[in-house]
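K.L.:
This is what each chain is made of:
4 protein chains.
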Amino acid sequence: MELSTGNNQNNPGGSTPRLARRQAKPKKTVVSINGIQIGGSEIVVMAGPCAVESREQLLETAKAVQASGATILRGGAFKPRSSPYSFQGLGEEGLKLLSQARQETGLPVVTEVIDPRQVELVCEYADILQIGSRNMHNFPLLKEVGMCRKPVLYKRGMMASIDDYLLAAEYILKQGNEQVILCERGIRTFETSTRNTLDLSAVPVLKRLSHLPVIVDPSHGTGLRWIVPAMAKAAVAVGADGLLIEVHYKPEEALSDGPQSLYPDEFAQLMEDLNKVAQAVGRKIARLVVNH
Amino acid sequence: MELSTGNNQNNPGGSTPRLARRQAKPKKTVVSINGIQIGGSEIVVMAGPCAVESREQLLETAKAVQASGATILRGGAFKPRSSPYSFQGLGEEGLKLLSQARQETGLPVVTEVIDPRQVELVCEYADILQIGSRNMHNFPLLKEVGMCRKPVLYKRGMMASIDDYLLAAEYILKQGNEQVILCERGIRTFETSTRNTLDLSAVPVLKRLSHLPVIVDPSHGTGLRWIVPAMAKAAVAVGADGLLIEVHYKPEEALSDGPQSLYPDEFAQLMEDLNKVAQAVGRKIARLVVNH
Amino acid sequence: MELSTGNNQNNPGGSTPRLARRQAKPKKTVVSINGIQIGGSEIVVMAGPCAVESREQLLETAKAVQASGATILRGGAFKPRSSPYSFQGLGEEGLKLLSQARQETGLPVVTEVIDPRQVELVCEYADILQIGSRNMHNFPLLKEVGMCRKPVLYKRGMMASIDDYLLAAEYILKQGNEQVILCERGIRTFETSTRNTLDLSAVPVLKRLSHLPVIVDPSHGTGLRWIVPAMAKAAVAVGADGLLIEVHYKPEEALSDGPQSLYPDEFAQLMEDLNKVAQAVGRKIARLVVNH
Amino acid sequence: MELSTGNNQNNPGGSTPRLARRQAKPKKTVVSINGIQIGGSEIVVMAGPCAVESREQLLETAKAVQASGATILRGGAFKPRSSPYSFQGLGEEGLKLLSQARQETGLPVVTEVIDPRQVELVCEYADILQIGSRNMHNFPLLKEVGMCRKPVLYKRGMMASIDDYLLAAEYILKQGNEQVILCERGIRTFETSTRNTLDLSAVPVLKRLSHLPVIVDPSHGTGLRWIVPAMAKAAVAVGADGLLIEVHYKPEEALSDGPQSLYPDEFAQLMEDLNKVAQAVGRKIARLVVNH
Numbered sequence: 001m002e003l004s005t006g007n008n009q010n011n012p013g014g015s016t017p018r019l020a021r022r023q024a025k026p027k028k029t030v031v032s033i034n035g036i037q038i039g040g041s042e043i044v045v046m047a048g049p050c051a052v053e054s055r056e057q058l059l060e061t062a063k064a065v066q067a068s069g070a071t072i073l074r075g076g077a078f079k080p081r082s083s084p085y086s087f088q089g090l091g092e093e094g095l096k097l098l099s100q101a102r103q104e105t106g107l108p109v110v111t112e113v114i115d116p117r118q119v120e121l122v123c124e125y126a127d128i129l130q131i132g133s134r135n136m137h138n139f140p141l142l143k144e145v146g147m148c149r150k151p152v153l154y155k156r157g158m159m160a161s162i163d164d165y166l167l168a169a170e171y172i173l174k175q176g177n178e179q180v181i182l183c184e185r186g187i188r189t190f191e192t193s194t195r196n197t198l199d200l201s202a203v204p205v206l207k208r209l210s211h212l213p214v215i216v217d218p219s220h221g222t223g224l225r226w227i228v229p230a231m232a233k234a235a236v237a238v239g240a241d242g243l244l245i246e247v248h249y250k251p252e253e254a255l256s257d258g259p260q261s262l263y264p265d266e267f268a269q270l271m272e273d274l275n276k277v278a279q280a281v282g283r284k285i286a287r288l289v290v291n292h
Numbered sequence: 001m002e003l004s005t006g007n008n009q010n011n012p013g014g015s016t017p018r019l020a021r022r023q024a025k026p027k028k029t030v031v032s033i034n035g036i037q038i039g040g041s042e043i044v045v046m047a048g049p050c051a052v053e054s055r056e057q058l059l060e061t062a063k064a065v066q067a068s069g070a071t072i073l074r075g076g077a078f079k080p081r082s083s084p085y086s087f088q089g090l091g092e093e094g095l096k097l098l099s100q101a102r103q104e105t106g107l108p109v110v111t112e113v114i115d116p117r118q119v120e121l122v123c124e125y126a127d128i129l130q131i132g133s134r135n136m137h138n139f140p141l142l143k144e145v146g147m148c149r150k151p152v153l154y155k156r157g158m159m160a161s162i163d164d165y166l167l168a169a170e171y172i173l174k175q176g177n178e179q180v181i182l183c184e185r186g187i188r189t190f191e192t193s194t195r196n197t198l199d200l201s202a203v204p205v206l207k208r209l210s211h212l213p214v215i216v217d218p219s220h221g222t223g224l225r226w227i228v229p230a231m232a233k234a235a236v237a238v239g240a241d242g243l244l245i246e247v248h249y250k251p252e253e254a255l256s257d258g259p260q261s262l263y264p265d266e267f268a269q270l271m272e273d274l275n276k277v278a279q280a281v282g283r284k285i286a287r288l289v290v291n292h
Numbered sequence: 001m002e003l004s005t006g007n008n009q010n011n012p013g014g015s016t017p018r019l020a021r022r023q024a025k026p027k028k029t030v031v032s033i034n035g036i037q038i039g040g041s042e043i044v045v046m047a048g049p050c051a052v053e054s055r056e057q058l059l060e061t062a063k064a065v066q067a068s069g070a071t072i073l074r075g076g077a078f079k080p081r082s083s084p085y086s087f088q089g090l091g092e093e094g095l096k097l098l099s100q101a102r103q104e105t106g107l108p109v110v111t112e113v114i115d116p117r118q119v120e121l122v123c124e125y126a127d128i129l130q131i132g133s134r135n136m137h138n139f140p141l142l143k144e145v146g147m148c149r150k151p152v153l154y155k156r157g158m159m160a161s162i163d164d165y166l167l168a169a170e171y172i173l174k175q176g177n178e179q180v181i182l183c184e185r186g187i188r189t190f191e192t193s194t195r196n197t198l199d200l201s202a203v204p205v206l207k208r209l210s211h212l213p214v215i216v217d218p219s220h221g222t223g224l225r226w227i228v229p230a231m232a233k234a235a236v237a238v239g240a241d242g243l244l245i246e247v248h249y250k251p252e253e254a255l256s257d258g259p260q261s262l263y264p265d266e267f268a269q270l271m272e273d274l275n276k277v278a279q280a281v282g283r284k285i286a287r288l289v290v291n292h
Numbered sequence: 001m002e003l004s005t006g007n008n009q010n011n012p013g014g015s016t017p018r019l020a021r022r023q024a025k026p027k028k029t030v031v032s033i034n035g036i037q038i039g040g041s042e043i044v045v046m047a048g049p050c051a052v053e054s055r056e057q058l059l060e061t062a063k064a065v066q067a068s069g070a071t072i073l074r075g076g077a078f079k080p081r082s083s084p085y086s087f088q089g090l091g092e093e094g095l096k097l098l099s100q101a102r103q104e105t106g107l108p109v110v111t112e113v114i115d116p117r118q119v120e121l122v123c124e125y126a127d128i129l130q131i132g133s134r135n136m137h138n139f140p141l142l143k144e145v146g147m148c149r150k151p152v153l154y155k156r157g158m159m160a161s162i163d164d165y166l167l168a169a170e171y172i173l174k175q176g177n178e179q180v181i182l183c184e185r186g187i188r189t190f191e192t193s194t195r196n197t198l199d200l201s202a203v204p205v206l207k208r209l210s211h212l213p214v215i216v217d218p219s220h221g222t223g224l225r226w227i228v229p230a231m232a233k234a235a236v237a238v239g240a241d242g243l244l245i246e247v248h249y250k251p252e253e254a255l256s257d258g259p260q261s262l263y264p265d266e267f268a269q270l271m272e273d274l275n276k277v278a279q280a281v282g283r284k285i286a287r288l289v290v291n292h
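Protein chains in written order, with the numbering used here: chain A, 1 to 292; chain B, 1 to 292; chain C, 1 to 292; chain D, 1 to 292.
Simulated from the structure, these hints should not be mistaken for laboratory data. Values in this document were obtained by computation on a predicted structure and should not be read as measured data. Check the hints yourself; a few may be wrong.
Some, not all, of what chain C presents toward chain B, calculated at C-beta under 7 Å [to be verified]: (1) S82; (2) S83; (3) E170.
Note that beta-carbon positions come from the ideal geometry of N, C-alpha and C, so glycine has one too.
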């Protein structure tokens, strides 16, 4: 029998095994990267620029987010842009810059992979592979990262029900890779005052149905810098195991997602605020024990 | 010029006055009921059963929520039910029971009005008039409550964009009643694991665009008891000025919305937890100064 | 047992009677107005301006749509406008103009009622009472028109599932008024290139589940004049029993919905085209037998 | 300047070239396959099973749809299934069976490709490459089919606005492949009585904004066999250049999408009905001139 939320009677997948479900594994999955535990009692903050643009941009931003307490560095080298005429990322050059940033700061790196042919390459550089919202149903890509032995940050599609999402996660888990981090990043609704509608109820629902850790991306979930801190605090209060936040050392010059990227000082303030909310719900923000 | 969120370029209403907007009144509106301030620094918790069912049910529930720290009692006498074959509320008899409960507990009462012909009657008994989601665009009703001198708890429609919502609020404000409390209660999306999708980003958006207080109803916003505490904490973290929570002394016997009503002991625990989150964001939960 | 579409397993309303359902009445309901049959083999076209603005505007438009073959005149006297600062309709004066237009053209009149206190008044003038999308869940209003002995054109809410819609229709039917005409007028989705998304699949679904006639409003369903003819033809092809189309003798001067109103010559062309599509699906467009 | 529908003021992509837009190419694109013109005056019907399951299943179905007048054979060899535990298609074996079916019937073949690494392989067998809804934003795959010289049937994502869709089509066109056939196949909304909501207004909108041909898939757009004929007729009435319809010689035994597949005799009846509707809108259904 499947656990359910109590509202949805659907049971897609029928009697087949469902590796992402609590029934398959009652104990919570904790994903471990260089001593950082995602899905444990501490809340992990991943931060950095949307796209890797240059050595200076990445390094300056990485140092700033590290100084404020982020423990994982985000940054895209391969960018799935809505328009082919927009900046598409630096590719392997971007991966190398991420690798350098990791060396200089000690921060593990999460970066997106969008092509099954590049999974091996991205694996060489990344500590966590990211599957973006638009690729939630890209099954060949899911199988490929399922065959990796690197953790996968797997984002919910913007029009995917939670059932769809957990069912598609099976494509990764079935290959033997159980280190999957789920991520709510906003769904598409009729509301236009925010870019997407961040569905924070997805966090408790996912944690009830699945043993996998669940984080929240309030940057893509709203598309608006000024609202990110409030939504990040709410995400911690609702029970998220981590956050993915866009920070840019000069957002007004960003080649992508500038309007939703925090300034470094805003991020520093946010980290202080998040600590308080984390404590109010009996948790704390993870800190990096640097020994490099 | 209208303030905007930065995402939505719409400006419905054009150059006409917009009384709900910050431009019309830079100072925040604080709605005051028997010394309780809604929209001030404290967070107001309104709790009680979905529908008034009997003297015992209402009194027992009222005392329980009061004991845990709720400062306003909710309860429906006129119920807008999806089916005409469901319990429709006790009508005036329900209003009288609410009045008795107020006398016995000292808690002011919020109750729904669904018919313009009953506004006068409901005004005699209620401290706050509630306009439900399905009546967000019921203009004759809005005009009628706009002519009252009672505060109005005005819920967002499940299909209404924030622009629609603030524009429709003008129907109340334009009649001279400025004591309007906005309320996010979930929007309709494709997701079915919760009854609605509680749009918590609506709270900071509404507070940015309007001077009116904003509360959240996590009970209707999710439809599921077990998720209400997590969403209530998130609502406080995101900046809500209050909460509207369904509590029933015996949810399994409730004539409506039992599956989303908290047990009294769950509500007591939640109030303790909310206090911590409120403090983490620099606020506190309002307490009633009883002198009856 | 309830009929279903095969996709949705919901059965709201449980074992209670469902008067709108085929199970309650296997024979199709045909609504008859002055010899015009809605829900029979012929397709009925209702046309006219969004709002009654003046005697000239109404008369000129009425004569034009009649000349092209419309058999029912539409026009709003009480307008539920999103903004209280927009034109709200002429009220009873508008009803009188509709009555005059009927006398001069012989066309029966459909007009909206938005307030339960005005149902009696509107009944005096109208041949069909219209309940608009925003009032689909206005239960006191539904009960009031249910007590009338006039046919009701009852529009689907823009965020109402078909199950919600048919369940709410019970509020009218339960009062003894079975002359209900259902109307698909567009639902709210994420798509913004049209004002709403006209859900034409609702027509066969409604006709499968219910015995009531089903018409389509492509004007509100799209909000765009240029697309109305294509969607009107599709509505006939899909099996609608009628159409509700906004036509204005001078759309560029319309006080409401000008951008979606057809010019009289566009409407004349459309009527010719509709005749061909109707014949292709074994039906024809109803014609008025005038004897005044 | 961009053409617009009149409702949506967005202009994503700014001043960059937009190859899919009418401004870039005022003349309509007609895609030609073995003498069949898609996007011309005739309406092209593509039909066949969801998935290729066996030689017998494919051949029998192919002969049946050909006998009824379909001019292109559809069938999936690589299936993007929601669950990894469902039938995933026969792979290259399926492509070979499609090739045999083409030889025996003379019908050109459309089949889906889901992995950029398989584009070359699929190109060897297919006459038209299909990109499914879930891959609308699979940019590496779009680039790969853009480098082919085979026509591409490119489906709208169930979460994609029309602007998103046309912008993503640029990824194909920019590589030099202009033989793109757009396809409306249903969007995701709150309505659950059909599997998706077939957005027929997308057809005139796409034809207004773009020079590319537009077809409709009523099978996936509704998920329900009994509603497919009505929606197919509506699609022709609204102006579609073609249809993609699932037919199975034994739907009750289908390994995928059985509930939405027509029986051969239903399809035969539908083709007769479509002919009448096509004529009513001044077009006709394309017929194959077989010379094999």
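K.L.:
For every hint, state whether the structure bears it out.
P.N.:
Now the hints, each set against the structure:
1. With its C-beta approaching chain B no nearer than about 5 Å, C:S82 sits inside the 7 Å limit, and its interface hint holds.
2. Interface restraint check: C:S83 against chain B, minimum CB-CB distance 5 Å, threshold 7 Å, status holds.
3. Hint status for C:E170 relative to chain B: holds, with the closest Cβ pair at about 5 Å, below 7 Å.
Every hint from the earlier list agrees with this structure, and none is contradicted.
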